[in-house]
Amino acid sequence: MDFLVKIFIEPVQYEFMQRAIAASVLVGITCGLVGSFIMLRKMSLIGDALAHAVLPGVIIGFMIAGKGQTALFIGAVTAGIITSLLIGFVNRNSKIKEDTSIGVVFTGAFALGILLVSQMKNVHIDLTSYLFGDILGVSRSDLILSAIIAFVVIVSIVLFYKQLLVTSFDPTMAAVMGVSTGMVHYFLMSLLSMTIVASLQSVGVILVVAMLITPAATAYLLTDRLHKMLIYSVLIGVFTALVGLLGSYHFNFSSGAAMVVFGTMVFLFTLIFSPTQGVLIKTIRRKRISDKNISQDLIKLIYKNCIDGKSLKVIHAKIKLSELTSQLGLSKSQIDKGIKTLTDDGLIDIQDDFIHVRDKGRKEAIQLIRSHRLWESYLNHEKILSVEKLHSDAEELEHHLTEELVDEIDQKLNYPILDPDGDPIPTKDGELREATNR
Amino acid sequence: MSSNNFAIEVNNLTVTYNKKPAVKSIDLKIPQGSLVGIIGPNGAGKSSLLKGFLGLLPTDSGLIKVFNRPIKQSISSISYIPQKESLDWDFPVVVSDVVMMGRYPHLKFFQRPTEHDKKIVEEALKKVEMEKFANRQIRALSGGQQQRVFLARALAQESEILLLDEPFVGVDAATESTIISLLKKLRDNGKTILVVHHDLGKVNQYFDYLVMLNQRLIAFGKTSDVFKNEYLDKTYGGRLTILQKSEDLQIENAKLH
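Sequence lines, in order, name chains V and A.
The first sequence begins at 1 in this note's numbering and counts up one residue at a time.
The second sequence begins at 1 in this note's numbering and counts up one residue at a time.
These are calculated hints, taken from the structure and not from any lab test.
There's no promise every hint is true.
[Claimed, not checked] Listed next, the stretches of chain A that the computed footprint assigns to chain V, with coverage defined by at least 3 CB atoms under 8 Å from CB atoms of chain V: (1) 51–65; (2) 72–82.
[Said to hold, decoys possible] Looking from chain A toward chain V, a few residues come up when the C-beta cut is under 8 Å (computed): (3) Pro92; (4) Val94; (5) Met101; (6) Tyr104; (7) Pro105; (8) Gln137; (9) Ala174.
We put the CB at the ideal spot given by N, CA and C, even for glycine.
Please take these sequences and the hints and turn them into a complete structure.
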């Protein structure tokens, strides 16, 4: 307990930490929301560019009005908007592509900022904290500014949700709605500039793009709905910012770097373990499907060799199966495992080294044969594939066709008796009609 | 409702793309309730023409009227079904989200969709037999299902005019015929439908009218009047392969009659 108190409770008693916690939460919210749209509109590079390009604005603001939140805010937002306009201008008026025009404009603006810093005599500015962030040094006025910006961002996204969604997904629909895609773009650029201002103190210019896109990218891996993505992105953003802050307090880490490293870890973890789209679940799912396919292939094969009530010696079955190995691409252990699955599922019985196909197994095999032969017939009827390719396509698809679809094909083809190879097609009730021409 | 029955009237329209005119001096009068094919070779400006209608590309000159009113006033009565590759299919939207976008032009600027809108979305999905897929992400659909989702969006929008840009690209033959019969049904209900199309194979079975385009308007009229060698030659610059194709089609056509 003492340990937990030391980590989580102790820091909270200091006023500077209370301010830092509030700042982390605000950064998480603001970046999480704006970052989602930046990511979905494929503007990550612009996010990074604007973060750098606000520097000259901030310096000029300080030069004119002295060090203060208003100067910082106005200077940064103006610089952000001028930069995005300039990028658009270069784009429209030359053959230069967007990535290059972004690169040219933002590095130029950033360099100008550094030049100005080196010439500043009357105002001292701590370039390091500007570049890398220093969340433990957040002042009351910084916090008020961040809170106002967070409020503006939340309200804007709630109010303009429809317009943002449509212009991001389908600009033609936006035109029909009478929404100007250009207006929405510059509106979002203004929100982005404000977000950067709000994040300067905690993460710094260099890493602010990570706070924008990493939580958004993580959320994107977790859901298929935009509104959920926004919520998840905010939660992940707040969480990573807070953990980064704790790291910064206890280990004297640079706050921005700590947040971003942790955020990246969360992202990688999600990439692998996401319950719907994770690498792991996809691998398991693929394996499950291939296991199912193998046991279905096996039951079909065993059934075909056991027709007329004959039973099959296990050893023969295995030889036959391994003969087919080249065709099915199965290893010995896969065959053994497949036979065990079939026994466990009650599709076959093994007695005294003989395999008996049980009723359930017979039904399953006939259904598979039905799917296979009807699908071949359908492809042949629609002349979609050449005759040589029919079999392999059906071999693959017989595992995936639903009973409904198979029945639909049956009906469409007017209940054919034979498939293109002249083999009988079992009926819906599993009756295997005799081939007449063999 | 108006002095004539034209859904779209275009006078001397020039649409520019990349600062060059993509289509020049187009005059068209599209009757209401017709299914119109827009054909022409690559680079003929077929898509540009549709985008010009919507104001997505700049127009240098010309007037577009929709139901006898300037297009700006009636743009919400048009729905556009974009080319497949112009969309990000991984976007975090499910089928019902996309169809709901069709309701957006009916909503006020800050207004949220109402229960009434949700009902319309449901009905639209039923009409294209996609109600089972309402919660499916759009990447996890077949090409034909994706097209039907966008048709449902147009239905939800309750628009009078549908513009489709190459709807049959990457769609199998069976789905193509499902879509075309759906379009014919919509046409029979009085909708006006313009389809950018590049396969000449079934033009005379699909469309009532044809717009034949090669930067300029080569011909416009009933399909039976304009789908002829002389116009096809002009449209496709008399390329040999196309010539043969069209001749084959005419022979086939003759067999049918």
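Checked hints:
Check result for the region 51–65 of chain A against chain V: holds, 4 residues qualifying (beta carbon to beta carbon below 8 Å, three or more required). Given as covered by chain V, the region 72–82 of chain A passes the check, having 6 residues with a CB less than 8 Å from a CB of that chain where 3 are the minimum. The interface hint given for A/Pro92 is met, as the beta carbon of that residue sits about 5 Å from the closest beta carbon of chain V, less than 8 Å. This hint holds: A/Val94 has a C-beta 6 Å from the nearest C-beta of chain V, less than the 8 Å allowed.
With a cut of 8 Å, the hint placing A/Met101 at the interface with chain V holds, because the nearest CB-to-CB distance is about 5 Å. With 8 Å as the threshold, the beta carbon of A/Tyr104 comes within range of chain V, its nearest partner Cβ sitting at about 5 Å, so the hint holds. The interface hint given for A/Pro105 holds, since its Cβ lies 5 Å from the closest Cβ of chain V, which is under the 8 Å cut-off. Evaluation of the A/Gln137 hint against chain V yields a held restraint, the C-beta minimum of about 4 Å falling below 8 Å.
Below 8 Å, beta-carbon pairs count as interface contacts, and A/Ala174 has one with chain V at about 7 Å; its hint therefore holds.
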